[in-house]
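Student: These are the residues of each chain, in order.
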Amino acid sequence: NAGVTQTPKFRILKIGQSMTLQCTQDMNHNYMYWYRQDPGMGLKLIYYSVGAGITDKGEVPNGYNVSRSTTEDFPLRLELAAPSQTSVYFCASSPRLRTEGSTEAFFGQGTRLTVV
Amino acid sequence: AQTVTQSQPEMSVQEAETVTLSCTYDTSESDYYLFWYKQPPSRQMILVIRQEAYKQQNATENRFSVNFQKAAKSFSLKISDSQLGDAAMYFCAYRSATGEPDKLIFGTGTRLQVFP
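Chains as they are written, first to last, in my numbering: chain L, 645 to 760; chain R, 12 to 127.
Looking at chain R on its own, in the form it has when it is part of the complex (with noise of 0.2 Å):
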């Protein structure tokens, strides 16, 4: 079975500044997706970014970047220039492409507090 682990309960960052929080996970199938999700206090589940585990390159989406890392399994968040919308929980997750049903596994999340 998959897993997803994230081993950083809580993270800050001053604000402008650039933080990267980990998300490890293990799997042995070579075709799958990779998404990290933000949670504000509101609690609706806003999606960052998503990595096709097929693609070699790095997802970027404006300030948010992904270090991919396959055989390491690893898949780390970059924040740059952070701001302070960007004070969240942040969850890794993992989706199968190869078989049925493709659930999708989160990771126990990260709490990102960014500092003015």
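Only chain L is shown next, with the shape it has when bound in the complex (with noise of 0.2 Å):
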């Protein structure tokens, strides 16, 4: 009984470095996301993917790079880190609505993120 599973909880990071924050879900949904929450404000869509091999980007793209090469995992890399990307990264999935018909999200942890 899983569900969506991130890692790590918590980073501190270095201006320029890299990471990857991981994403998995065990449910089986086709729709992943990524999603960004910065202090005091709502969460912001960085990238979605709609199944394994296809991704594309939500509101907040720059800086970060996703990839799809299974159902199951939706990997979010930083390749530059920088102060701005100080946030809470929070993972989500559903299924597909239009086939399944069931319209709730399922959210990771969340991992906070600060670079220094």
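Since the hints were derived computationally from the structure, they do not count as laboratory data. Don't take every hint at face value.
As the list claims (entries may be wrong) - Below, a list of computed lysine-lysine pairs in the DSS-like style, where the Cα atoms sit at most 27 Å apart:
id : chain 1 : residue 1 : chain 2 : residue 2
1  : L       : 701       : L       : 653
2  : R       : 66        : L       : 658
3  : R       : 81        : R       : 66
4  : R       : 89        : R       : 66
5  : R       : 89        : L       : 688
6  : L       : 653       : R       : 66
Unchecked claim - Some chain R residues close to chain L (C-beta under 10 Å, calculated; not the full set):
id : residue
7  : 65
8  : 95
9  : 103
All figures in this text were calculated on a predicted structure; none of them were measured in a lab. Glycine included, C-beta positions come from ideal geometry on N, C-alpha and C.
With the hints as a guide, bring both chains together as one complex.
Tutor: Right, here's the structure in full:
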């Protein structure tokens, strides 16, 4: 009963370093998302994927990259960390609305990233 | 593009009283879903309630109910008999049911404080 699993939960990066935030879901969902949540703000969509091999940009994609080689995994890559990327990152997954009729999105616990 | 607006950054309520959180949205679509998510200090995103746009009847889940006004594009959340455990950030969200990809779009959130 794992749902959506994100790792790590916390990370401190130096400016210019790179890292990958991992996200795995075990519900066989087609849709996966990456959001960032800045302090006191809502969630902004970074990237999303509608299935393995298909990804697309969201509202704030600059400075990030994603891949979706399997249905289960949707890692988020930061290539050159900048202080503006200090945020809490959430991964989420959901069934495909049209074929499965389910609307609910399931979220991971979040990753708190600080870039110094 | 769809947008979701929550105009109340913070709200407070006395325990056992009723509070209403506001949400408006903008869309040209006729078929969509609306959600309220709760985010306690643990950061976990918890689905509180959902509303299908094609249903005129307002959704209810125990102490939580919505006032869905489709023509006005308004979707408020009413919490009755407020409890200390209701203190959290509340996010309104929109998901398209007519197009793909059906991204989940969030408002900026309302922080709810509950006083004993």
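Student: Compare the structure with each hint and give your call.
Tutor: Going down the list of hints, with the structure as the test:
The straight-line distance between the Cα atoms of residue 701 of chain L and residue 653 of chain L is roughly 24 Å, inside the 27 Å bound, and the hint therefore holds. At roughly 50 Å between alpha-carbon atoms, residue 66 of chain R and residue 658 of chain L are farther apart than 27 Å, so this suggested pair is violated. The suggested pairing of residue 81 of chain R with residue 66 of chain R holds, with an alpha-carbon distance near 10 Å, which does not exceed 27 Å. The hinted pair formed by residue 89 of chain R and residue 66 of chain R meets the criterion: a straight-line CA distance of about 18 Å does not exceed 27 Å.
Note on residue 89 of chain R and residue 688 of chain L: the hinted pairing holds, with a Cα-Cα distance of about 25 Å set against a maximum of 27 Å. A hinted pair counts as satisfied when its Cα atoms are at most 27 Å apart, and residue 653 of chain L with residue 66 of chain R does not qualify at roughly 39 Å. About 12 Å separates the beta-carbon of residue 65 of chain R from the nearest beta-carbon of chain L, more than 10 Å, and the hint is not met. A hinted interface residue such as residue 95 of chain R counts as satisfied when its beta carbon comes closer than 10 Å to some beta carbon of chain L; here the least separation is about 22 Å, so the hint is violated.
For the restraint placing residue 103 of chain R at the interface with chain L, the shortest Cβ-Cβ distance is roughly 9 Å, inside the 10 Å limit, so the hint holds.
Violated hints for the displayed structure, listed by number in ascending order: 2, 6, 7 and 8.
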